[in-house]
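Protein chains in written order, with this note's numbering: chain P, 1 to 639; chain R, 1001 to 1099; chain G, 2001 to 2499; chain B, 3001 to 3146.
Hints are not guaranteed to be accurate.
[To be verified] Looking from chain B toward chain R, a few residues come up when the C-beta cut is under 7 angstroms (computed):
hint, residue
1, A3016
2, Q3060
3, Y3062
4, V3066
5, I3069
6, A3070
7, I3073
8, G3097
9, F3099
10, L3107
11, Y3133
[Stated by the list, open to error] Label pairs and their calculated CB-CB ranges:
hint, chain 1, residue 1, chain 2, residue 2, range
12, P, K29, G, V2468, 24 to 32 angstroms
13, B, V3115, G, P2285, 47 to 55 angstroms
14, G, V2381, B, Y3079, 56 to 64 angstroms
15, B, G3097, P, A634, 51 to 59 angstroms
16, G, A2200, P, D5, 50 to 58 angstroms
Please keep in mind that the hints were generated in silico from the structure rather than gathered at the bench. Heads up, the beta-carbon is just placed ideally off N, CA and C, and yes, glycines get one too.
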Amino acid sequence: MQILDSAWLIPVIPLVSAGVLALAGRRLKEPIAGWVATVAVGASFVLSFGQLIALVGRPPEARTFVRTLYEWIPAGGFRVPVSYRIDPLSVVMILLITGVGALIHLYAIGYMKGDRDFTRFFFYLNLFVGSMLVLVLADNYLLLFVGWELVGACSYLLIGFWYQSSPNATAAKKAFVVNRVGDFGFVVGLMLIFSVVGSLDYGAVFSIAPSVMTAAMATAVCLCLLVGATGKSAQIPLYVWLPDAMAGPTPVSALIHAATMVTAGVYMIARSFVLWDLSPTAQGITVAIGIITALVAAVIAIGQFNIKKVLAYSTVSQLGYMIAGVGVGGAGYAAGIFHLLAHGFFKALLFLCAGSVIVGMHHEEDMRKMGGLRTKMPITFITYTIGFLALDGIFPFAGYFSKDGILAALFEHGTWWSQVAWALGLVGAFLTATYMARQWFMVFFGKPRWDEDVHPHESPWLMTVPLIVLAIPSTLFGTAGLPGFNQLHRWLEPVFGVAGGEPELLNATTFALLLTSLVVAGSGLVVGWAIWYRATADQRATLAGRLGGVVPFVRNKLYVDEAYAATFERPGYRLTAVLGDEMDQRGIDWLVMGTGAAFKRAGAWFSKGQNGLIRAYAAVMGAGALVFVVYVLARGVSR
Amino acid sequence: MKLNLFLTLSAFLFCLGVYGMLARRNAVMILMSIELMLNAININLVAFGALHGNLTGQIFAFFVIAVAAAEVGIGLAIVLLIYRNRASVNVDDVDLMKG
Amino acid sequence: MLIADAIAAPPSDWWAIAPQLVLGGTAVVIILMICVKRVDPGWNALVAAVGTVASGVFAWEQWRQVTTDANPRLAYSGMIAVDGFSAFLVLVVCVAAFLGVLLADQYFKREGIDRGEYYALLLFSACGMQFMAAANNLVMVFVALELLSICLYVLSAWNRDDSRSQEAGAKYLLLGAYSSAILLFGIALLYGGTGTTNLARMAEIFSENVTREPGLVLLGMVFVIVGLGFKIAAVPFHMWTPDVYQGAPTPVVGFMASGAKIAGFAGLFRVLETGLAAFEFDWQPLLVGLAIVTMLGGSILAIAQRDVKRMLAYSSIAHAGFILTGLASGTAAGVRGALFYLVAYVFMIAGAFGVVALLARRGERYTSLDDYRDMFRREPVLATVLAFFLFAMAGIPGTSGFVAKFAVFTGVADAHQWVLLTVGTVASVISAYFYLRLVVYMYMRPEVDEGEAQPAALPRVRWAPATVVALVLTVFFTIQLGILPQGLLDMAGKATLLF
Amino acid sequence: MQLGDYLPIAVMGLLALIFGGASYVLSGLLAPRKPTPEKLQPYECGIVPEYEPPQRFPVQFYLIAVIFIAFDIEVIFMYPWAVRMRDLGMFGFALMGSFMVMLIVPLIYIIREGVLDWAPRRRHSRDELIARYRAEHEAAAREEAA
């Protein structure tokens, strides 16, 4: 009990540390600020581990612990308490956040060395960790929303961290606007829940919702929440911000845009599994969005040359798997969370490796200018290889079991659409192996294609230690979810109910599925090897020629940004007749900014009516009064 | 009906005031239009007071007169200020800020 | 016919108007101080601050009495109501006036136009606002409204050598007088329809269903809404707001934006909820429409602005829309949310304009969006404070702005007014855009684009103690109301119960 | 509720507003407007004016006029009180007393501000003024030389 009572400290420690860093500002010199931040997150990790132990010590059915700190908004019959919930789901989430978070903080001390806003960086990073912990520990939707907004704000601040260069600021704004669209859906979803259930507490919602919510209502609620998830977890159609978000520092990409924040949508769906269970329609749509995203992003990833962009699209693709997993329900909930955790480890590892490569290459991010780095950066190479194999889904690394769990859940769900999704998922797995092999070979093998003044070197220990530490779970975490001995499923069972369980024994179907995925991943790897290692440049060119228009299509990210620009933005301009100067300068890949532009033009147009003339103002007032009078008279006469 | 006569007069004067407010460019004329509106209302108040047989209307009219005087006093002062600065009391010239 | 034989001297109940008396008295004292000897206006400011605090103490005592002993009462032949609603808003006016006094001193010294009369006028205006909050009679509503408005006309033109300030004064005055005339027309019609100006009596008449003149009453109601809609700057009666807020001296704007809005809402709530409660089905759709246009209009127009003061003016219009939403919902929860919103708004807007006043420098030269580029590097503390207020106004959780919007929307959801709710959400999304744009300018825009020459560095802004106190107070309460809103929500709840 | 009986009044209000708006719009539409510089000049017996016609009154005139209005009007509150003074007794007297105080305080203020002085009050002695003028003159001369 003692330890569970202290759980509120877990988000508070990083937040307090953030406050200290904010107040201290540049008075706190360079490495110290980083260490303060790292120690704070580390302390949270230790506490989180304490929670895990405390929960393990309890019987499975008593592993949910809710504690109210105080009443935040008491509004009549409707209360919003500030309360946290420790249960198997939130514990694994906080362990991931604080564990990976602490390592990335450590790494960032090395990575951000010499930056003039070093302290500010760690202030944001700590603020982010604290907010993310609020998000997962929350015991009601409103508090979750608080964390949801705060992590969004942090992400925004960190993407635009190097704001002196304008693409970064643009990317930050894009991320913000796109997320705002998602948030809108989320808020509407919350309001719908409140209007039906009359509460936003998890406990109340999940116990009351099945009895009061019709299937149609549940569908509406789930779809609204799904819009929020597509924004935060970068799914179609709102994924466009994530690749651009790579403009931020690499530790940020690793922590926020790979391991933790972007998984918030997955977590939220898993948390609301009761609602999804009520609506098969919503489940189908969720799976469709997830699996299509997984496929599309994987295709785009093949065409990218920026080392971080490849990983970014890969993240989008993997998030698609997770969404599909939690969307399909049943065993999929636990499988989705399993993949979320495994992905958190190996994708953070991959990003940190990429960061290490980037630093070693003097801030070169173009893979065409790399090659042959395996001898120059041995530790990075080995750890990267581990992460790569894990993401590819090669036995026995973590990604193999976790991705397979999702595919198995899709297959075993037994409806036609889930099996189509399974097949598409296999194609995605093949593509994943291909693009990762491509990256692996392009960066670490072949002849060096460095610029002349570049002398690659291994990174300092501050950066390699986190790599090595992260390589361990990337390798071994799969054992937590061995088919047939699935400890993680069993651990999460109190949350997701018996339905979350899996067939205990390894039967023929499961085995066949496991084998299929392995074969698919292996063949993807072979194809990657054949094209980007074995083949000569000429052969590649011939192949590209044969594929014709597909190659530029893929390289240009399927022209999605341009399509958004054409559908949302240009009509926005036309609608308002005048082309905006500001919007033009900021480039054309602005999703939804078309709407923004429309509002802006509308504002400009209306404010022309604000012509500064007293008499005109008086006339408008008079007209307003007249409208009122006519309205009242019309009402009065009609009754 | 006698009341209606008063109300008609009052409404007419009020509208004249509104018209002046909208049509006149001279700030002093606008102030006068506002006076017209207020006095139209005074007629209304007194007439209603007579209708209901209580004093509220009349007393209210006193307050309106006093307030109108204060308003016009301040109004003239501000118009004067503007005149000293721009040598014009045309309200259409007072449009530095817009948009 | 007009016989008034039995005029009994009404029992005098000084306690009922103690806060107002204290404020008015302090203003008189300040004028006398000036008559005796002109001293540094800082001393007048000190007296004014003490006066507002003293008035606040009386208001608090009133509040304590009416809420604990539960004896709301009428005083002065029903002119003044002493109930939770009045005591609550009187207290809020004290806060607004206190902040107005604190923010003024440094600014006017900087601009070289500091005169003690400023504080007297500010207090008279605040006195009018308090009377408005306590008014239970349409005569009182009108007189209080004029008292506060006339003082504000003068204050808007306070920087009399600045043509923008003059223009602000002229526009506010002419349009304000016009709107008062409309309001008065409405009041006259209400009087004609009922034969009384006492709101409580009016409600009785309607409940006895002896309404002789529903047509007059409805027309009167419309004109009253229009006239008060002007004061709260509801679209389409908002046209004066951006011009006046942009031109008037910034501390005046801070006070005007908070105080006049409190008074306007106090009048609107009191007239509609007390006097015209029987006509709820008639005024509610009007208010719904007004709220929708106001929220959307304010937010959309703000997007197009490049001047920070003007942008905040539109933002205050949008806020008025959100507050109106609470009233339009017609539920106790909505009204309570609106009252909470008013308080949160007072702190946010006063604080934001306080910072803008400091950053604008002498002569209010730097108020354009471009002047705020990279402000974080130049003025880290002020930029952070302003960013904080902007976040609060955008309704980011953890600030009072979020709780306020939430409380209002709860009421709207209670009333199942989904259109209003949707529009409110959309408007708050739109408004987030322009608040955050300013934050982006302060934090993420280099001072000049590449290749341009660096502008000459301005000296760091200096802080007077009074300003520091005001900003600390506003920041503190914005956080406090965001994290521990319960106390104020309870108070607001009690303030609405006593209708 | 029936509105029918009182419709005339309502309609009248409406008509009034429409009249106001319509006449504003119509006058703009109908009135021929071809402004030329000559037409815009003030009419002065056909002679083209060479300078703005002098319209300057001393500011004192306006100030006193405005103040007169304010104080003049306040008297209306005293008539009703005077008529019923005995009935109202001490209470009325006290109220009227405080009302008078509120009038007298501004009056003192106005006098102190010198608004009622017809001629500008001389704040400095003649010698002082001369000395100041000389100092300014010399400073200007120095500046010119430099």
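Given the hint of 56 to 64 angstroms, check if G/V2381 and B/Y3079 actually sit that far apart at their C-beta atoms. holds (59 angstroms)
At a threshold of 7 angstroms, is the proposed contact between B/L3107 and chain R supported by beta-carbon distances? violated (14 angstroms)
Against chain R, with CB atoms and a cut of 7 angstroms, does the hint on B/Y3062 hold up? With Cβ-Cβ at 6 angstroms, under 7 angstroms, it holds.
Looking only at beta-carbon atoms, does the pair G/A2200, P/D5 fall within the given range of 50 to 58 angstroms? Once the Cβ atoms are compared, 53 angstroms apart, the range 50 to 58 angstroms for P/D5 and G/A2200 holds.
Let me know if the C-beta of B/I3069 comes in closer than 7 angstroms to any C-beta of chain R, holds or violated. Cβ of B/I3069 sits 5 angstroms from chain R, so the hint holds.
B/I3073 was flagged as interface toward chain R. Is the shortest Cβ-Cβ separation under 7 angstroms? holds (4 angstroms)
Answer holds if the nearest beta-carbon of chain R is closer than 7 angstroms to that of B/G3097; otherwise answer violated. At 18 angstroms from the nearest chain R Cβ, B/G3097 fails the 7 angstroms test, so the hint is violated.
When the least beta-carbon distance from B/Q3060 to chain R is tested against 7 angstroms, hint result: Violated, about 12 angstroms.
Against the range 47 to 55 angstroms, how does the distance between the Cβ atoms of B/V3115 and G/P2285 compare: consistent or not? holds (51 angstroms)
B/A3070 was flagged as interface toward chain R. Is the shortest Cβ-Cβ separation under 7 angstroms? holds (5 angstroms)
Was the hint right that B/Y3133 lines chain R, CB cutoff 7 angstroms? violated (25 angstroms)
Indicate whether the distance between the beta carbons of B/G3097 and P/A634 respects the range 51 to 59 angstroms. holds (53 angstroms)
Taken one by one, the earlier hints fail for this structure at numbers 2, 8, 9, 10, 11, listed in ascending order.
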